[in-house]
Amino acid sequence: MKHLLDTDSLSDDEILEIFEEAKKFLNGKQSKVLQDKLIVTLFFENSTRTRSSFEVAAKRLGAKIVHLDIAKSSTKKGETLKDTAKNLAIMGPDAIIVRHKHSGTPELLSKMIDTPILNAGDGAHAHPTQALLDLFTIMQYFDDVRGKKIAIVGDIKNSRVANSNIKLLSRFGLEVILVAPPHFLPFTKLRTAYYLSEVINEVDIIMSLRTQTERHDKPIYASLKDYANDYCITKELLGDRDIILLHPGPVHRNIDIDDAMMGDKRCKVLEQVKNGVAVRMAVLQKCVLG
Amino acid sequence: MKHLLDTDSLSDDEILEIFEEAKKFLNGKQSKVLQDKLIVTLFFENSTRTRSSFEVAAKRLGAKIVHLDIAKSSTKKGETLKDTAKNLAIMGPDAIIVRHKHSGTPELLSKMIDTPILNAGDGAHAHPTQALLDLFTIMQYFDDVRGKKIAIVGDIKNSRVANSNIKLLSRFGLEVILVAPPHFLPFTKLRTAYYLSEVINEVDIIMSLRTQTERHDKPIYASLKDYANDYCITKELLGDRDIILLHPGPVHRNIDIDDAMMGDKRCKVLEQVKNGVAVRMAVLQKCVLG
Amino acid sequence: MKHLLDTDSLSDDEILEIFEEAKKFLNGKQSKVLQDKLIVTLFFENSTRTRSSFEVAAKRLGAKIVHLDIAKSSTKKGETLKDTAKNLAIMGPDAIIVRHKHSGTPELLSKMIDTPILNAGDGAHAHPTQALLDLFTIMQYFDDVRGKKIAIVGDIKNSRVANSNIKLLSRFGLEVILVAPPHFLPFTKLRTAYYLSEVINEVDIIMSLRTQTERHDKPIYASLKDYANDYCITKELLGDRDIILLHPGPVHRNIDIDDAMMGDKRCKVLEQVKNGVAVRMAVLQKCVLG
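Chains as they are written, first to last, in this note's numbering: chain F, 728 to 1017; chain X, 728 to 1017; chain Y, 728 to 1017.
To be clear, the hints were calculated from the coordinates, so they are not data collected in a lab. The model shown is predicted, which means the values in this text are computed figures rather than measured ones. We put the beta carbon where it would ideally sit given N, CA and C, even for glycine. Be aware that one or more of the hints could be misleading.
[As the list claims (entries may be wrong)] What follows is a set of in silico ranges between Cβ atoms, one per label pair, in the way DEER data are often shown:
id, chain 1, residue 1, chain 2, residue 2, range
1, Y, G1017, X, G900, 18 to 28 Å
2, X, E925, Y, D735, 54 to 64 Å
3, Y, Q867, X, E741, 35 to 45 Å
4, Y, G966, F, D740, 22 to 32 Å
5, X, Y868, Y, K894, 44 to 54 Å
6, F, D957, Y, Q757, 28 to 38 Å
7, X, K952, Y, K809, 43 to 53 Å
8, X, K952, Y, D986, 42 to 52 Å
9, Y, E747, F, G819, 18 to 28 Å
10, F, K809, Y, G966, 46 to 56 Å
11, F, K809, Y, D740, 38 to 48 Å
[Claimed, not checked] Below, simulated EDC-like cross-link-like pairs (lysine to aspartate or glutamate); rule was C-alpha separation at most 20 Å, straight line:
id, chain 1, residue 1, chain 2, residue 2
12, F, K894, F, E744
13, F, K916, F, E902
14, X, K809, F, D991
15, Y, K759, F, E902
16, Y, K756, F, D763
17, Y, K952, Y, E929
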């Protein structure tokens, strides 16, 4: 593994090894293993959350970061993606963390240059570190994840988080059920449901997705409130069932998840954020040092 | 003291202790005491000046900085302040430096999370490190500040700088006189004057405030020039009186202070900036290391 | 040499000394010689490329960087350039890297403050580190550069890159020929030509300039395509001549240089970027440490 384009870039063993390292970092392991390394963030889309998680991870390991804010940059001056990439790579960074609104951009970059590329989200395609931290979080709560059932709820079709999780969680033996209105469902062989109530008695985990209102040109629901009526994860809905609740953040309160569930112990959103830094430390260590 | 929300967070002894440290830094003391510490700046308002002063201070002590530019961030995606704060805190920074246009935001944050919060300015409420550096600067010029008279001049009502200074300087025994047109005066028990000429023969210190044109929805003066006619600190006005002149910056030349006074030895604006870095180093050291 | 305002700031010996250092950095020399140094970037114009090259150079040497994004800053609040400079200098940075759209700004700053100023491009006046890296790149390909002929092609009149190169390359004994339509030519004693075909059989080096469409208020060519018809550097035009091709980047493909030449071994654009980091490391080292 050199690049992290999708979770497919990693074997099962490599993933478990990353998780072992992440656990050590969570338990307070200090390491300056990336001292003297230079990591570039190349974000064609804004993402305070993912970018700062990567930045905290890199800096905890001693790396230096150079941010390229592409919205203001050379790509606006008629430079091609390939030229931007080659110009960047020749400066000798030890890794490039990329986010782009078009699926496949990180893979394209990885074919143009030798520098390790870490995908921080590309279009509706993949968000591998998110899926890794989600699986890591699930594994903290179940001794054996094989056979566990997870409902992914929301705008699955347009979600790179859902896409990466479907692949990764299925591979580790979880049964993934997609819960969404028809226009939010991808073509799939997976089991699907229109309402969470249809499967709530079976599932061990619920992953609520962000209502990506900014990704749709036209409103699909009459209003967010209409969407929330059907898909908001409420404490009323969960009752006292033994289910853990995940969400990639930022949470639309009372649209994605209601206030009562946000304050409930079963909601693991903050654990995900915490685990995200640790998993990204382990991923950066692996990508940069090989 | 864990958070620095207002100067009230600090006892007199703690303030004097901070000043002792700041003096050492001014005298060239090198210290990497915050090596391996991670400090987040969370600015909901732009502030090149204050942010860069904190950044220089933190980096001189060896800390790493992660900037969260909230204008582009999750809060725009429907996340609440509380969720932003909790998401940030769980990543484990050693301190968070906050600026917000609403009074009380840093205090709110300090109740939500355990991370030390440093207030870098909240609405018209407080700007504690500014008041500390102002008192520190005054103390450089007077062996005993008790009984010294300071005129604070300008839009006092809307100024967090004035607000923090009124509290801090009064506490250290200075007599504060507020000089402003009626609509710029707060309700106060302090002595007030409409024109500086009324008190110029008594005062030891003048603190000119920035004309905060961007904070008023409607113009209050017909023009800045009309304001300047009455409130610009001119060399003509000061004559050869033994008075030191302060201003939090950036100075509107010939509106707040005229060119002649800006070039005069009695003007301590640059000393304030220099002292600001040293005081913030001492404050960061205290907040982060306890 | 304290400031780097133009290449005139440097003697021939100093330039060759900088190149010797740059070569060592290219050959893998590691040095933390700027550890504990603080360098400020003060960019009044956006420039991802130059700024990130300086940032990578500074961080490789162990320096800390504070970026001042002036577009959002105090200058918008009515502060003069002089006050901004003095406020910055008093915070004690070890160097300030400046870009400004007005010619002469770095020189002005150098007269106002004591901090070393590095010019990262000012108006149409100068871009000294670009000229240095260009000469350095040329020297990699010729044992003796004296008497070598270089054609500079494009909007020379408005180009600080051309301006700095004309002075520096002439000084090191190269013959500079300016190739441009009349309205892109400055008043000059240098040899000029309207079309590259007139001099192509004589030259050893071609330097293509960026079509600075954003610097002209009115379009000068009917279209970029019309310009490209006359001035794009094509493989067809160069044939198999032994000529090296330079460009300061970012390249407008098929306007400045065609795809075939961009992929040709004679095109040294990426070498320039690579050399740029090494040359800037050497320049920073010299300016900061004296």
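Contradicted hints - numbers only
Hints 1, 3, 4, 6, 7, 8, 10, 15, 17 are the ones this structure does not satisfy, whereas the remaining hints hold.
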